[in-house]
Amino acid sequence: MNTVKIKIVPTILLMVFLAGVFLAGSNITLAEEISGRVSPEVVKSTEAELPIFTRLAKTIFTPRYFEPHRIHFFNNPALLWLLVFGNGVIALAYMFIPAGLIYFVRKKKDIVFSHLFWLYSAFIFLCGSTHIMMIIVFWYPVYWLEMIILWITGIISMATFFSMIKILPQAMNLKSPEFIFLASHQLKTPPTAIKLLTERLLGDKMGTLTEKQKEYIGDIRSSNQRMIDLVNTLLNVSRIELGSFIIQVSKKDACTIVQSVLSELKFIIDKRRLKLKTIFPEKNVVLMLDEPLFHMVINNLVINAVHYTAEGGDIQVECKMMNKRQTLGGKLLEENCFVVVISDTGCGIPQRQQSKIFTKLFRADNALEKHTDGTGLGLYVVKSILDHSGGSIWFTSRENEGSTFYVAIPAVGMRAKAGEKELIG
Amino acid sequence: MTEDKKTKILIVEDEAIISKTYADELRDQGFLVFTAMNGSVGLEIAFREKPDIILLDILMPVMDGLTMMGKLREKDFYGKNVPIILLTNMSASEEKIMQAVTKNEPAYYLVKSDWNLSDVLEKIKERLARKV
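Residue numbers (our numbering), protein chains in the order written: chain X, 55 to 479; chain L, 0 to 131.
If we strip away everything but chain X, and leave its shape as in the complex, we get:
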């Protein structure tokens, strides 16, 4: 439908409205004459002296010769009150719905077609007002006011309707998170092929490669792996946003998982000549955990410590049980917890940016400098996992001195969550 056609309908409506008002307006005097309550001479002499706006306001707000609706119900007050309450309930709901909509639009910054939400709020609000008018005219016959509100509602309703029709084709094409999820699967196919091919090239069946050739193929392989990791992270984010990821818990030794993360990262820790210190409790700590998710949380935090600590710096990982009402990193524990404390002597997080650190895609200024490959999604994923599983994460940090991240899992363990898909580690 083109915009010309769309504009015709509200224009016709407006013209009908104005013509109607003109007719009804010219009838005021006529009606008053017929009713015989006021002689035309009196109306003319008293009103002609008033300014035009006062005359208009008087016509609209002071019922003069109409009867209130109530008189039709003189023998059935029960019906009258049913009508009043019915309209009241509708009006109340119609006032709350736009309030909710406006709150939603204002809070959710990335919303599309927000003008339609405003229009829709106005439309519902006005519909509510017409019901309030229906109640008022039972007692005060302000039919002029009712008519005006009714017409404004009608015109806004039509405008909403046509705006909706206009954006419908665009709205149908909006990419849902589910689409992103499916597209991400497709995105993985080419890097999978590259992965297999580089492996073949580096294998012993392909003849001898020069050192430089090997180096370059190795570079292709690691860049490609980064691509796969990136797509996996995007998939995780879309699963978090769809709320469709699953948390499956079983009894696990938490310290063993932390140790396995550290041994997997030993290579990179050694490569950067970082000094790793670990403190583990003497006894195993068995609690309900989703092993891959807990692994992902610890892995992300230790990798961050590695990336943002200069060569030769220190990283410390400590696991321990703590009792409720004990304080850790400036936070009072509300229940008995298993905590993992990961501290580094790295670049730290600038004070002014600390509040944004768990925000999706956020990267601190000094982090951007130190480690250009980061996605700004790691801590967001970590926090989402902990939020959904009953755990918590917080940190203390000073710029250029280092950061300490605290992860607390309730002593009973992580909370299971039904869903459809796993997050990918």
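Read the hints as simulated data drawn from the structure, not as lab findings. Careful: at least some of the hints might be erroneous.
Quick list of in silico lysine to aspartate or glutamate cross-link-like pairs, EDC-like style, CA-CA up to 16 Å [unchecked claim]:
#1 Lys-259/X / Asp-27/L
#2 Lys-19/L / Glu-253/X
#3 Lys-259/X / Glu-125/L
Just so it is clear, the structure is predicted and the values come from calculations on it, not from any experiment.
Based on the hints, put chain L in the right spot on chain X.
Then chain L, alone, in the frame of chain X:
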């Protein structure tokens, strides 16, 4: 090794490059390799050549991997027992895959992008060894 003594393997995968790379590697390893671009062709080759093991992609045009596996399993003794390794880029708990895997034993399930060529090879060899 003569052709008819070689272990037969069928690769059903719509991505030509991925299919070719697996096929090349497996030929180098001494397998007799067949390839199919979708489940429908895969099914035809499976019944004709009776491969010892099948590598099966899930998302494919014409007939997807899960449908092909279902048809194979309901057909005959061979179809019911041939080991299948599902290769996909979907992850483990997608309900449909897991149901299909548990319903259609002996089947395995691997995520392509998480596994190296050598891991897949190892899995194939391990599966074939168990059959003997």
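- Can you name, in rising order, the numbers of the hints this structure does not satisfy? 3
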